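Participant: Protein chains in written order, with numbering that gives the first Met the number 0: chain S, 0 to 218; chain D, 0 to 519.
These are computed hints drawn from the structure, not numbers from a lab.
Treat the numbers as computed from the prediction; the structure is a model and nothing was measured.
Hints are not guaranteed to be accurate.
To be verified - Reference listing, derived: stretches of chain S covered by chain D, where coverage requires no fewer than 3 residues with Cβ under 8 Å from a Cβ of chain D:
#1 65-73
#2 95-102
#3 146-157
Backbone N, C-alpha and C define an ideal beta-carbon position, used for all residues, glycine too.
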Amino acid sequence: MTLKFTEKSIVTLAQSNAPLRIEGQIQDGEIVGLRGPSGCGKSTFLRHVAQVGEGRFSFELGGTAIEELAPEDQKISLVFQKALLLPHLSVRENLRFPLRFQNPYRSWSRDLQEKRVDEFLDKLSLSKLADRDPSSLSGGEAMRIAVLRATLSSPKCLLLDEAFSSLDKETKAQVKSWLLALIKDLKIPTLLVAHVPEDLESFADRSVDWPKDSRLLRF
Amino acid sequence: MELVNPERPLSSTEKGLIALVCLGVLLPFLLFIADALFLWDFSALSLPFVKLLSRSLLFGMSEAAVSAALSLLLAATIALSLLSCRPSRRKIPAQVLQNLGNTLFILPGTAIALLLFALPTSLLESAEGWLLIVSAHVVWSSFFVASHLFERLSDWLESEGADLLRVTRSLGASPHASLKAVVYPLLWEEFRSWFPLIFLWSLGAFSTVLLLGSGPQHSTPEVLLYYTLSNDLDSTRLLILFAVSLCLQLLLLSLFTRTPVRSAPARFVLNSDSALVSKRRQRVELPSRGTLLTISTGSMLLVGVLIVIQATSIFRSGLPDPELWSGLSNSVSYALLTSLFCFVLLLALAASRSTLRKSALFLLALSPVLIATSWTSIGLGGVSALGKLPSLLLCALALALLQLPFAALWIERSLSALSSETLLYARSAGLSRRQIFWKIEVPYLRPVFEKLLTYAFCIALGEIALASIWMKEMPLLSLASKKLAQSYDFHSASWVFVLTLVAALLARSAFKKILEKLFP
Chain S
0 MTLKFTEKSI
10 VTLAQSNAPL
20 RIEGQIQDGE
30 IVGLRGPSGC
40 GKSTFLRHVA
50 QVGEGRFSFE
60 LGGTAIEELA
70 PEDQKISLVF
80 QKALLLPHLS
90 VRENLRFPLR
100 FQNPYRSWSR
110 DLQEKRVDEF
120 LDKLSLSKLA
130 DRDPSSLSGG
140 EAMRIAVLRA
150 TLSSPKCLLL
160 DEAFSSLDKE
170 TKAQVKSWLL
180 ALIKDLKIPT
190 LLVAHVPEDL
200 ESFADRSVDW
210 PKDSRLLRF
Chain D
0 MELVNPERPL
10 SSTEKGLIAL
20 VCLGVLLPFL
30 LFIADALFLW
40 DFSALSLPFV
50 KLLSRSLLFG
60 MSEAAVSAAL
70 SLLLAATIAL
80 SLLSCRPSRR
90 KIPAQVLQNL
100 GNTLFILPGT
110 AIALLLFALP
120 TSLLESAEGW
130 LLIVSAHVVW
140 SSFFVASHLF
150 ERLSDWLESE
160 GADLLRVTRS
170 LGASPHASLK
180 AVVYPLLWEE
190 FRSWFPLIFL
200 WSLGAFSTVL
210 LLGSGPQHST
220 PEVLLYYTLS
230 NDLDSTRLLI
240 LFAVSLCLQL
250 LLLSLFTRTP
260 VRSAPARFVL
270 NSDSALVSKR
280 RQRVELPSRG
290 TLLTISTGSM
300 LLVGVLIVIQ
310 ATSIFRSGLP
320 DPELWSGLSN
330 SVSYALLTSL
340 FCFVLLLALA
350 ASRSTLRKSA
360 LFLLALSPVL
370 IATSWTSIGL
380 GGVSALGKLP
390 SLLLCALALA
400 LLQLPFAALW
410 IERSLSALSS
420 ETLLYARSAG
430 LSRRQIFWKI
440 EVPYLRPVFE
450 KLLTYAFCIA
460 LGEIALASIW
470 MKEMPLLSLA
480 SKKLAQSYDF
490 HSASWVFVLT
500 LVAALLARSA
510 FKKILEKLFP
C-alpha cells in the first residue's frame, strides 16, 4: 500500500516556524531513511504522518486521502526510541492491544485475537515472553515486542522514530535483520528517522536528508 | 561513599535508632496502658457505652469510606480537567481552575467547616450532620489530592506519558480507549495508595465532626475518645477506645504500606534530544472534556459562591471583635511553630529516605500516626507533667509528627522520580553524598516542602482537639470558631473564615519565598 505525499502535504513545525512541503512516495515494502541533526523536527514530522501531532496532516495511503479513512482503518504504526509497552499489561496483552481497535481484528473474539498473537510469537520464537511483565524484559526483548506490536495488525504504513538508537550493536543487528524480513514479507511501506547514519545502513533501501532550509522535503 | 540504595539492608545501629525513635513516640502510651490495666474496671463497660462505641465505629467507617472515595473521584476529575486544558490556547480556564484548586487546597479545616455554615440556615437545619461532615472532608481532601495528582500526571506526561498516549493512538485506540489504557492504571495506582490515607485522615478528623456533627449518633471513635478524655477520664473506657482505634489504624496502615508503588517516571532526562522534547508541555486528548470541566468547575463554583456569601456578610458586620485579633496572633504563632517543627522533620525524613530503606522510612514516619489525635493528648499530658514544658510547644510538635505519613508518601514519590542516572551523573561530577542531598535532592523537593508546610500550617490553624484540652486558657481562632458555629454567630464566623484563609494564603507565599532563598 503506497504512501504518497500530495500538494496538500504541508506541515508547519515549531522548530522552524515555516511551512514545510513534502513530495514523493514510499512504495510497498520499501524502507526510506530520513537523516537529520537532533532537534530539526524529524520526530515531529513523523508524528504528523502518524496523525498524532497537533493539527491535521494530509497524504494518500493506497490512493485514499488519510482524512477519508476511519481511525480504525488508518493503521499507521509508530515505534519510538523507547519500547513504550503498557506497564500494567503482560506481553501478550500488549500485543493484543492494537487488535482490539483496528479492522478487521476488532470484530474478532478475544480467543481469536490471542491465537493470532500466539502464532506470531511462536513464528518469531518469542513464545517464552508471552506471560512476562514488560518491566522484566531486556532492552532488546522489549524493542522486539514493541516492533511486533506495531506490525501485528498488518499496518498500512510503519514509522520508526530512532527505533534502534537505544540498542547495543549486537541487539541492533539482530532486531534490524528480523524487522527487515518482516517488512519485506508483509510489504509495509516504512519510514525510518535517524540522526546516526549507521542506523540506516543495511536497512533502508534509500535515504533522504532533512532539508537545510526546512522548506521542501522530497522522498 | 556509598551511593543511594534504598533497598540495602539496615545496619544494627540504624535498626537500634529506629527502634529508639518508635519507642520514644510510643512510650507515654505504653505507660498509660500499664496504668489502665492495673486499674481495670468491668463496670465501665456498660451497655450504653458499647452501643455508643459501635455506633461511632459504624458512622466513622462509613463516613470515612464515602469521603475518601468521593474525594479521589473529584480529585481525579479536577486533575484530568486541568491536564486537558493545558496548554490549550484557551488558557484562562486552565489557569482559573488551577489557581482555584490551589487556593482551596490550603483552606484550613475550620474554614471549610465554617464555609458550610454559610449555607442558608434552613438548608443547614434540614441537612443531616453526616452530610455536612462528608462534604467538608470531600472538599478539603479532594483539593489536597487533586493538586498532587495533577502534578504527578503532569510530570509523567513530560516524560514517557505523552509518548505512551501517542503509541496507543497510533495503534488505533480512540482518545477514551487510550486514556483508559494509559492514564487510568496510573490513577488507579495512586488511588490505592491514597485511599487508606484519606480514610485514616477522615476517621481521625476532629474539627469538622465536632463543628458539624449533630450529637452522639454522628460521632466517630476519635470524637468519642475526645469526650471521654475531656469529661469522665475513665481509664478502662479509654483503653478500650485506644485498642479499637489502634487496630483500625494498624489495619489501614498495613493496607497502605502493602500497596506496591511503581517507580515514577524520570523527571530529569539526561539524553539531550529527549530533554528538548520533555521541556514542551504535552496536551492530552481527553474524551468529553466538557463533562470533566463542568463537574470540576461546578464543584469549585459551589465553594466560590459560599465564599462570596461569607465575604458579603463581612461588609454588613463591620470590624471583628478585638478578641478575634488576639486569637489570630496566637493561632498564627501556633501554626508557625508547627510548620517549623514540620520543616525539621521533613528534612530528617528526606535524609532518611536517602540513606535508609524505603520500608524503614515508612516505619519511622508512620509510628506517630499509630496514635490518634486524641491519644496524642494523653502522651502530651505525660510528657508535660514530667518536664513542665509549654503546652504550645508540645502541641505544635505533636501536630508536626502527625503530618509525617502524608509527608513520607510525597517525599518517597518525588525522590523516586529522580532518576538514578541523575544521581550517578552528580557523583561522577564530583559531588559528595551530602552535596547531592543539599544541592540536588532538597531543591528538587522544594515544591513538596512548600505544600507540606502550608498543609501543616493550615492543620494547626484549624486544629481543635489538642488546643481545647491543653491550651484552654489561650484564645485561638479554631476554638473561637467552634463556639461561634455552635452559637450560630454567623457574622463573627465569617470574620474567622476570612482571617484563617488570609493567614493561610500569606503563609503559603512566605514559605515559597523562604524555601527559594534557602534552597536555590
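Participant: For the stretch 146-157 of chain S, does the count of residues with a C-beta closer than 8 Å to a C-beta of chain D reach 3?
Facilitator: Result for this restraint: holds, n = 3.
Participant: Using a Cβ cutoff of 8 Å, are there at least 3 residues of the stretch 95-102 of chain S near chain D, or does the coverage claim fail?
Facilitator: Contact hint for the stretch 95-102 of chain S vs chain D: holds, 5 residues under 8 Å.
Participant: Are 3 or more residues of the stretch 65-73 of chain S near chain D, judged by a Cβ distance of less than 8 Å?
Facilitator: This one holds; 3 residues, not fewer than the three required, reach chain D with a Cβ under 8 Å.
Checked against the numbered hints above, the structure violates none of them.
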